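Novice: Protein sequences, first through last, are from chains A and B.
In terms of our numbering, the first sequence opens at residue 1 and continues consecutively.
In terms of our numbering, the second sequence opens at residue 1 and continues consecutively.
Treat the hints with care, as some may be off.
What the hints assert, rightly or not - Taking CB as the label site, the calculated pair distances span:
| no. | chain 1 | residue 1 | chain 2 | residue 2 | range |
| --- | --- | --- | --- | --- | --- |
| 1 | B | A43 | A | E154 | 24 to 32 Å |
| 2 | B | A20 | A | F172 | 52 to 60 Å |
| 3 | B | L54 | A | K139 | 24 to 32 Å |
| 4 | B | I64 | A | I328 | 51 to 59 Å |
| 5 | B | L54 | A | M224 | 46 to 54 Å |
| 6 | A | I170 | B | G26 | 55 to 63 Å |
| 7 | A | L342 | B | A43 | 51 to 59 Å |
| 8 | A | G141 | B | K53 | 53 to 61 Å |
| 9 | A | K145 | B | H35 | 47 to 55 Å |
| 10 | B | E47 | A | G245 | 38 to 46 Å |
| 11 | B | T66 | A | G141 | 24 to 32 Å |
| 12 | B | I64 | A | F244 | 47 to 55 Å |
Hints are computed from structural coordinates only; laboratory data are not their basis.
Just so we're clear, the structure is a prediction, and the values are computed from it rather than from any experiment.
Positions of the beta carbon are idealized from the N, C-alpha and C atoms, including for glycine.
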Amino acid sequence: MKEKRNLIIAGAVIGMIAVVLVYLGNPKNMGFCTACFIRDTAGGLGLHQAGIVQYIRPEIIGMILGAFLAAFGFKEFQSKGGSSPFTRFVLGFLVMIGALMFLGCPLRMILRLAGGDLNALVGLIGFVVGISVGIFFLKRGFSLKRTYIQPKAEGLIFPIIQVILLLLVILFPVLFLFSTQGPGSMHAPFLYSLLGGLAVGVLAQRTRFCMAGGIRDLFLFKNMTLLTGFLALLVAALIGNLIFGYFSFGFTEQPIAHSDGLWNFLGMMVVGFGSVLLGGCPLRQTILAGEGNTDSVMTFLGFLAGAASAHNFKLASSAEGPTANGQIAVVAALIILFAIALIYSGKKVKS
Amino acid sequence: MNKVDARGLSCPEPLLLTQAALGKKGTYQILVDNHTAKERVVAYIQEMGLEAKLVTNHDEYEIIVTVE
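I would like the entire structure built from these sequences, with the hints used as guidance.
Specialist: See below:
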């Protein structure tokens, strides 16, 4: 019961932070989005040249450091890795391709739903279908195999890099690219974004918050615990959007979204399927990366590479809709996910 | 004692292994090495109305449960 209560509080607070960050300048229905913000960071680092989505999002740095501090403070920081790291990199890459087809990670999907964007409902159906496919393979013994304890330094590198990045952005912003128009130019003041990220990082680390895990556990174990966080986030963001007047019900003219149902569905199906194979949604992977899990660091690097490729090869959707390249990539992503799921299923881990 | 070694496995595998193992009577020793798995396995056992005995050794957790 305590877990559920904490998840409700965490979900509600994260939902409120997201709405407040929109009020402070973040794009609408994008107060917080792991996929979009990693994409913007990839742009800020110059890994892709899409001029409208370049900004080192302090939310991401904050999330990782928040998770690190919470894990460290509660003696839960543990350097570990070795569970099919490169497969996880590929899975991260594919999840990002799916997320940028839909235009958002599962967290933003909920925020879009809370903003009245019905395309997110289509995405949610795809997400649930993708999770169900993932569960099918989990029941057949899918496993990326065991992780092993690593030297403490291995897990510390990623949080340290965040500190260095933070200092560089503050001291030498000229090193990075900053959008002057488009979503990348819309952002809350730096310090507020960083604080918002830190808060989300701490809350998500403490409660094991996960958007994919909630639906997975409901189907797999009939357990509602993780799902309560998901629902609390939806309700809090909905109330926030109504108060601030951001709520706009319908399919068309939604902020940073397109209304191509099939591709919204398939994009989020990739995200759901890939997230179950990874053991958590993009938000959860980012938190784990801060806790010393270097497999999740590999996944995060996959997100970053996937985001850069999505814009370099014109796979990412825009408000006008999906691109032909993106459609091919999402179908390819589904095929690769099935192949990975099959290859790693069947042989049970010996206990 | 039946042993379930879920060390190094990530969510939801430790719980899947536990669920599969606890179908029969007996005493089980479940080994996990991350806090999320520990919490979830213990919660699952408690939801079944059973008692979970938790031993923490360094980086590992040992959960003992008897199914009667």
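Novice: Would you mind marking each hint as holding or not holding in the structure?
Specialist: The hints, checked one at a time:
1. The supplied range of 24 to 32 Å is met by A43 of chain B and E154 of chain A, whose beta-carbon atoms lie about 30 Å from each other.
2. Take A20 of chain B and F172 of chain A: their Cβ atoms lie about 54 Å apart, and the range 52 to 60 Å holds.
3. Between L54 of chain B and K139 of chain A the C-beta distance comes to about 27 Å, which sits within the given range of 24 to 32 Å.
4. A C-beta distance of roughly 53 Å is found between I64 of chain B and I328 of chain A, which places it inside the suggested range of 51 to 59 Å.
5. For the hinted restraint 46 to 54 Å between L54 of chain B and M224 of chain A, the CB-CB distance of approximately 24 Å leaves it violated.
6. The supplied range of 55 to 63 Å is met by I170 of chain A and G26 of chain B, whose beta-carbon atoms lie about 59 Å from each other.
7. For L342 of chain A and A43 of chain B, the Cβ-Cβ distance of about 32 Å falls outside the hinted range of 51 to 59 Å, so the restraint is violated.
8. Here the CB-CB span from G141 of chain A to K53 of chain B is close to 28 Å, at odds with the stated 53 to 61 Å.
9. Take K145 of chain A and H35 of chain B: their Cβ atoms lie about 20 Å apart, and the range 47 to 55 Å is violated.
10. About 43 Å separates the C-beta atoms of E47 of chain B and G245 of chain A, a value consistent with the hinted range of 38 to 46 Å.
11. Checked against the hint of 24 to 32 Å, the C-beta distance between T66 of chain B and G141 of chain A comes to roughly 27 Å, which is consistent with it.
12. The hinted window of 47 to 55 Å between I64 of chain B and F244 of chain A holds, with their beta carbons roughly 52 Å apart.
In summary, the numbered hints that this structure violates are 5, 7, 8 and 9.
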